[in-house]
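Number of protein chains: 4
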Amino acid sequence: MSSKLFAIVIGAGTGTGRSCALRFAKAYPVVLMARTPTSYQDTVNEINSSGGKAIGISADAADVASMDSAFESIKTDMAGLRLAAAVYNVSAGYGVKAFLETKVEDFDASVTGNARGFFLFAQKTMPLLLDAVGAGQYPPTLIATGATAAVRGSAKFSAMASGMFARRALSQSLAREFGPQGVHVAHAIIDGGIDVPRSKGYVMNNGVVDGKLSPDAIAESYWHLHTQHRSAFTQELDMRPFVEKF
Amino acid sequence: MSSKLFAIVIGAGTGTGRSCALRFAKAYPVVLMARTPTSYQDTVNEINSSGGKAIGISADAADVASMDSAFESIKTDMAGLRLAAAVYNVSAGYGVKAFLETKVEDFDASVTGNARGFFLFAQKTMPLLLDAVGAGQYPPTLIATGATAAVRGSAKFSAMASGMFARRALSQSLAREFGPQGVHVAHAIIDGGIDVPRSKGYVMNNGVVDGKLSPDAIAESYWHLHTQHRSAFTQELDMRPFVEKF
Amino acid sequence: MSSKLFAIVIGAGTGTGRSCALRFAKAYPVVLMARTPTSYQDTVNEINSSGGKAIGISADAADVASMDSAFESIKTDMAGLRLAAAVYNVSAGYGVKAFLETKVEDFDASVTGNARGFFLFAQKTMPLLLDAVGAGQYPPTLIATGATAAVRGSAKFSAMASGMFARRALSQSLAREFGPQGVHVAHAIIDGGIDVPRSKGYVMNNGVVDGKLSPDAIAESYWHLHTQHRSAFTQELDMRPFVEKF
Amino acid sequence: MSSKLFAIVIGAGTGTGRSCALRFAKAYPVVLMARTPTSYQDTVNEINSSGGKAIGISADAADVASMDSAFESIKTDMAGLRLAAAVYNVSAGYGVKAFLETKVEDFDASVTGNARGFFLFAQKTMPLLLDAVGAGQYPPTLIATGATAAVRGSAKFSAMASGMFARRALSQSLAREFGPQGVHVAHAIIDGGIDVPRSKGYVMNNGVVDGKLSPDAIAESYWHLHTQHRSAFTQELDMRPFVEKF
Numbered sequence: 001m002s003s004k005l006f007a008i009v010i011g012a013g014t015g016t017g018r019s020c021a022l023r024f025a026k027a028y029p030v031v032l033m034a035r036t037p038t039s040y041q042d043t044v045n046e047i048n049s050s051g052g053k054a055i056g057i058s059a060d061a062a063d064v065a066s067m068d069s070a071f072e073s074i075k076t077d078m079a080g081l082r083l084a085a086a087v088y089n090v091s092a093g094y095g096v097k098a099f100l101e102t103k104v105e106d107f108d109a110s111v112t113g114n115a116r117g118f119f120l121f122a123q124k125t126m127p128l129l130l131d132a133v134g135a136g137q138y139p140p141t142l143i144a145t146g147a148t149a150a151v152r153g154s155a156k157f158s159a160m161a162s163g164m165f166a167r168r169a170l171s172q173s174l175a176r177e178f179g180p181q182g183v184h185v186a187h188a189i190i191d192g193g194i195d196v197p198r199s200k201g202y203v204m205n206n207g208v209v210d211g212k213l214s215p216d217a218i219a220e221s222y223w224h225l226h227t228q229h230r231s232a233f234t235q236e237l238d239m240r241p242f243v244e245k246f
Numbered sequence: 001m002s003s004k005l006f007a008i009v010i011g012a013g014t015g016t017g018r019s020c021a022l023r024f025a026k027a028y029p030v031v032l033m034a035r036t037p038t039s040y041q042d043t044v045n046e047i048n049s050s051g052g053k054a055i056g057i058s059a060d061a062a063d064v065a066s067m068d069s070a071f072e073s074i075k076t077d078m079a080g081l082r083l084a085a086a087v088y089n090v091s092a093g094y095g096v097k098a099f100l101e102t103k104v105e106d107f108d109a110s111v112t113g114n115a116r117g118f119f120l121f122a123q124k125t126m127p128l129l130l131d132a133v134g135a136g137q138y139p140p141t142l143i144a145t146g147a148t149a150a151v152r153g154s155a156k157f158s159a160m161a162s163g164m165f166a167r168r169a170l171s172q173s174l175a176r177e178f179g180p181q182g183v184h185v186a187h188a189i190i191d192g193g194i195d196v197p198r199s200k201g202y203v204m205n206n207g208v209v210d211g212k213l214s215p216d217a218i219a220e221s222y223w224h225l226h227t228q229h230r231s232a233f234t235q236e237l238d239m240r241p242f243v244e245k246f
Numbered sequence: 001m002s003s004k005l006f007a008i009v010i011g012a013g014t015g016t017g018r019s020c021a022l023r024f025a026k027a028y029p030v031v032l033m034a035r036t037p038t039s040y041q042d043t044v045n046e047i048n049s050s051g052g053k054a055i056g057i058s059a060d061a062a063d064v065a066s067m068d069s070a071f072e073s074i075k076t077d078m079a080g081l082r083l084a085a086a087v088y089n090v091s092a093g094y095g096v097k098a099f100l101e102t103k104v105e106d107f108d109a110s111v112t113g114n115a116r117g118f119f120l121f122a123q124k125t126m127p128l129l130l131d132a133v134g135a136g137q138y139p140p141t142l143i144a145t146g147a148t149a150a151v152r153g154s155a156k157f158s159a160m161a162s163g164m165f166a167r168r169a170l171s172q173s174l175a176r177e178f179g180p181q182g183v184h185v186a187h188a189i190i191d192g193g194i195d196v197p198r199s200k201g202y203v204m205n206n207g208v209v210d211g212k213l214s215p216d217a218i219a220e221s222y223w224h225l226h227t228q229h230r231s232a233f234t235q236e237l238d239m240r241p242f243v244e245k246f
Numbered sequence: 001m002s003s004k005l006f007a008i009v010i011g012a013g014t015g016t017g018r019s020c021a022l023r024f025a026k027a028y029p030v031v032l033m034a035r036t037p038t039s040y041q042d043t044v045n046e047i048n049s050s051g052g053k054a055i056g057i058s059a060d061a062a063d064v065a066s067m068d069s070a071f072e073s074i075k076t077d078m079a080g081l082r083l084a085a086a087v088y089n090v091s092a093g094y095g096v097k098a099f100l101e102t103k104v105e106d107f108d109a110s111v112t113g114n115a116r117g118f119f120l121f122a123q124k125t126m127p128l129l130l131d132a133v134g135a136g137q138y139p140p141t142l143i144a145t146g147a148t149a150a151v152r153g154s155a156k157f158s159a160m161a162s163g164m165f166a167r168r169a170l171s172q173s174l175a176r177e178f179g180p181q182g183v184h185v186a187h188a189i190i191d192g193g194i195d196v197p198r199s200k201g202y203v204m205n206n207g208v209v210d211g212k213l214s215p216d217a218i219a220e221s222y223w224h225l226h227t228q229h230r231s232a233f234t235q236e237l238d239m240r241p242f243v244e245k246f
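Residue numbers (full-length UniProt numbering), protein chains in the order written: chain A, 1 to 246; chain B, 1 to 246; chain C, 1 to 246; chain D, 1 to 246.
The set of hints was computed from the structure by calculation and includes no laboratory data.
There could be a bad hint or two in this list.
It does not matter which identical chain is meant; a pair holds if it fits inside one copy or across any two.
No farther apart than 25 angstroms at their CA atoms in a straight line, the calculated lysine-lysine pairs in the PhoX-like style are these [as the list claims (entries may be wrong)]: (1) Lys97 x Lys124; (2) Lys26 x Lys245; (3) Lys75 x Lys53; (4) Lys75 x Lys103; (5) Lys124 x Lys103; (6) Lys200 x Lys124; (7) Lys75 x Lys124; (8) Lys245 x Lys156; (9) Lys26 x Lys103; (10) Lys156 x Lys124; (11) Lys245 x Lys97; (12) Lys26 x Lys97; (13) Lys200 x Lys53; (14) Lys103 x Lys53; (15) Lys26 x Lys75; (16) Lys26 x Lys4; (17) Lys156 x Lys53; (18) Lys245 x Lys75; (19) Lys156 x Lys200; (20) Lys97 x Lys53.
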């Protein structure tokens, strides 16, 4: 494990966030962020008890003061280390609702959590990533988790799609601005249900085995993105179960 | 002119909004909306003095109370008429800024004006458009003005692109939900500078004649969208000067 | 009717081609092209007997010698006139087939008719269109009819999609090369079944009225594309029935 | 190295093809295919002399008889092994040419090498890949190398884009048809110049270090695609140098 670098995963719950934290913890100390310790504490313990190093910080990605305070903590906790990778995995404002039953609060919740939070997270992490260019084996990397709703507006997904389209807009804009400065910015379109504890009850793809995305598999591709040579950065890739219609 | 129908154009300033109001006023009474009368008053006068019928209403598209109040007025002013067409042409939060100099207020301004306003405008107009299905010669139509930044995130456009991507997300979602109910929802990607009074000083495409989009030409295509047969709805089209690189 | 200009529609059968010929014949003499007179003769007669002017020419768009000969005829038949608009509406190699049952001949037929024919048609018409810049009221226009299979490869559509993707590639390439020279090149994504005599038996969208595209409606949008001001060219638009899933 | 599986790379020259062969040879015996032994012989020797196993077969991907014969050889040479991965890396008909100077032969060359060859290669390899489902550690994989010209038609790229769009159409169609059967089909958009011997003289991105794609980096991502879990298949990803404008 490199002693010079660390990683941050925000939206570190039981699915993709947890798997990313575990995957990146094989190489770096990891900061797990979520609104409440309930989300990250088990994973923090799991990492620390298996030879890795992790800390958890409670923060609301979309709240300026909360992010200011969280990154002050990180500065202290990770003193002397540079930021190798940051993963934005917050999901917010999800809800399938007919448009005329969708409240402006639903719209606000989606845009706030899905895009404003990513904006603030990027504002906090980008200076740290720029500072890490050339410091580690791999180019510093900022990855955002996207969804089908990031590339396709659908009936009853007006709120969700608004926030996810905006998140993708940010990811593209940042890639074009910071790629030439050596920071790798990527966006992953997760097209399908993820196999997490709370989705156990949902039957997808007729219940076929591997009909939901394994969060560990997603994390493995995120790690691959992080390791890509700077002459061959991927900005966007999709991921879906082999049986998913698309 | 049909006496049973009317149209609304919001973001009715000196460019596309004004041209749309003039174009749709050839067929319908038109409500022009903008934050201040300065934006719409000249156009309202121009329409009324040349045989058309227009009223102006001051409103902030992104403000719930303001929209509530504006649509109460419209209900009274246009009593007995149904809504044939609504155009969302608000532009907000424009600004080319390096990401690390972009404030969260810039992000908020773009998302609020470019997307939240469209959300609220659609919430107000969609019930009226649904109520007009079958009432006029053409299917009721909701058109949103988009931009290159709606399909492409660019360096220094992080705030702008976030709002415009979200606007496009809404347009697609609404098209898929309300098309089958007979309402035509379309999104126009305006790819280039528009030839408006305030852009006179900007040299675009080396100053070649017609190197900026004529707002009247844009309005003509919006009118065409409105007249499309319901068996052949266009959801999205691009428009750019013949000399524009793309 | 302008006496200085003419139009060409290739793939002039009973659907979109016929409707385009009729629509453009309101303004220009029209050349209808198809492989056999059976396809175009009735429409030619219909135009000529109702005050318009039309001729039919038999040609295979994808065959060099056939196109050479056809355009020699056109040169004579339309002597003194310039080419205002050309529509490529050939459809070829259609067939929904499992990939492993698809023959290389199916692939060749699709690519040949859907793309090679458009390549040859554009090679013949582009010099004529360039020669017409500034000659008529509207910018000279080359329109290609596309399909869902031009933007989406689907199971069992490998041959069809190959040809239609290539057609779209050509349209984009030509738009970018010849737009700045004043020629408008556009591509229409027709997403749905067209209401033509031979599709009468196919139930689409549960048989709902207007669940298939009216070819007259398509032609009306093609005409609109032709009339667009050069400061606001559309390169691509989609068209589908209001009830079509997309 | 697995003794039950093998891989095929066609278009095995000095760049991406060579790097893929070397990368996949770490895990599998590899068949290198190209039109002439000059293209693949050095790489075959390099693999065999460093502990791997490789054979070279001369074949023209776009020629039916040549492919029939080549795959008869493969059947014998790789008797008892199943096909783990196949990479289509042929590039053909490249040439930046003004449209009116482009010959139909240029169009044919691009479509033939870029798409027809992939069609035939997929017809030959897909039955073998289907037969390998479940046989190895990773899902059997078919990867096609794409380019910017696969997603964007540009001035002077009419021939090139036609073939590359068609190749992408095939890749999508095959992914949608064979993904549910367990075969992973992916398309990589290589957006930039590749750092190969014959491009040494071309200055790209102002000559900045890593301004051309490392073919080894591309191969590393192809290998990652091959190893993806079937619950998280990537259909498409882009790759470009960090300094590339896009």
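So, going through the hints one by one against the coordinates:
Only between protomers do Lys97 and Lys124 lie at most 25 angstroms apart by alpha-carbon distance; the minimum there is 17 angstroms, versus 33 angstroms within a single protomer. Taking the shortest Cα distances, Lys26 and Lys245 never come within 25 angstroms of each other, neither inside one copy (34 angstroms) nor across copies (33 angstroms). Within a single copy, Lys75 and Lys53 get their C-alpha atoms as close as 16 angstroms, which meets the 25 angstroms cut-off; across copies the closest is 51 angstroms, which misses it. Proximity of Lys75 to Lys103 under the C-alpha cut-off of 25 angstroms is restricted to the inter-copy arrangement: shortest distance 22 angstroms between copies versus 38 angstroms within a copy.
In the homo-oligomer, the alpha carbons of Lys124 and Lys103 lie at most 25 angstroms apart only across protomers (12 angstroms), although the nearest pairing inside one protomer, at 30 angstroms, exceeds that limit. With identical chains, the CA atoms of Lys200 and Lys124 are never at most 25 angstroms apart, being 35 angstroms at best within one copy and 39 angstroms at best between copies. Only within a single protomer do Lys75 and Lys124 lie at most 25 angstroms apart by alpha-carbon distance; the minimum there is 11 angstroms, versus 47 angstroms between protomers. Proximity of Lys245 and Lys156 under a CA criterion of 25 angstroms is satisfied in both settings, with 19 angstroms inside one chain copy and 14 angstroms between copies.
Taking the shortest Cα distances, Lys26 and Lys103 never come within 25 angstroms of each other, neither inside one copy (43 angstroms) nor across copies (35 angstroms). Proximity of Lys156 and Lys124 under a CA criterion of 25 angstroms is satisfied inter-copy only: 17 angstroms between copies versus 33 angstroms inside one chain copy. In the homo-oligomer, the alpha carbons of Lys245 and Lys97 lie at most 25 angstroms apart both inside one protomer (22 angstroms) and across protomers (18 angstroms), since each shortest distance falls under that limit. Taking the closest pair of Cα atoms, Lys26 and Lys97 never come within 25 angstroms of each other, the shortest separation being 40 angstroms inside a single copy and 37 angstroms across copies.
Taking the closest pair of Cα atoms, Lys200 and Lys53 never come within 25 angstroms of each other, the shortest separation being 29 angstroms inside a single copy and 44 angstroms across copies. With identical chains, the CA atoms of Lys103 and Lys53 are never at most 25 angstroms apart, being 42 angstroms at best within one copy and 34 angstroms at best between copies. In this assembly of identical chains, the alpha carbons of Lys26 and Lys75 lie at most 25 angstroms apart only when taken from the same copy (21 angstroms versus 42 angstroms across copies). Proximity of Lys26 to Lys4 under the C-alpha cut-off of 25 angstroms is restricted to the intra-copy arrangement: shortest distance 14 angstroms within a copy versus 31 angstroms between copies.
Taking the closest pair of Cα atoms, Lys156 and Lys53 never come within 25 angstroms of each other, the shortest separation being 42 angstroms inside a single copy and 36 angstroms across copies. For the homomeric pair Lys245 and Lys75, neither the shortest alpha-carbon distance inside one copy (44 angstroms) nor that between copies (33 angstroms) is at most 25 angstroms. In this assembly of identical chains, Lys156 and Lys200 lie within 25 angstroms of each other by CA distance solely inside one copy; the values are 23 angstroms within and 33 angstroms between copies. Proximity of Lys97 and Lys53 under a CA criterion of 25 angstroms is satisfied in neither setting, with 41 angstroms inside one chain copy and 38 angstroms between copies.
Checked against the numbered hints above, the structure breaks hints 2, 6, 9, 12, 13, 14, 17, 18 and 20 and satisfies the rest.
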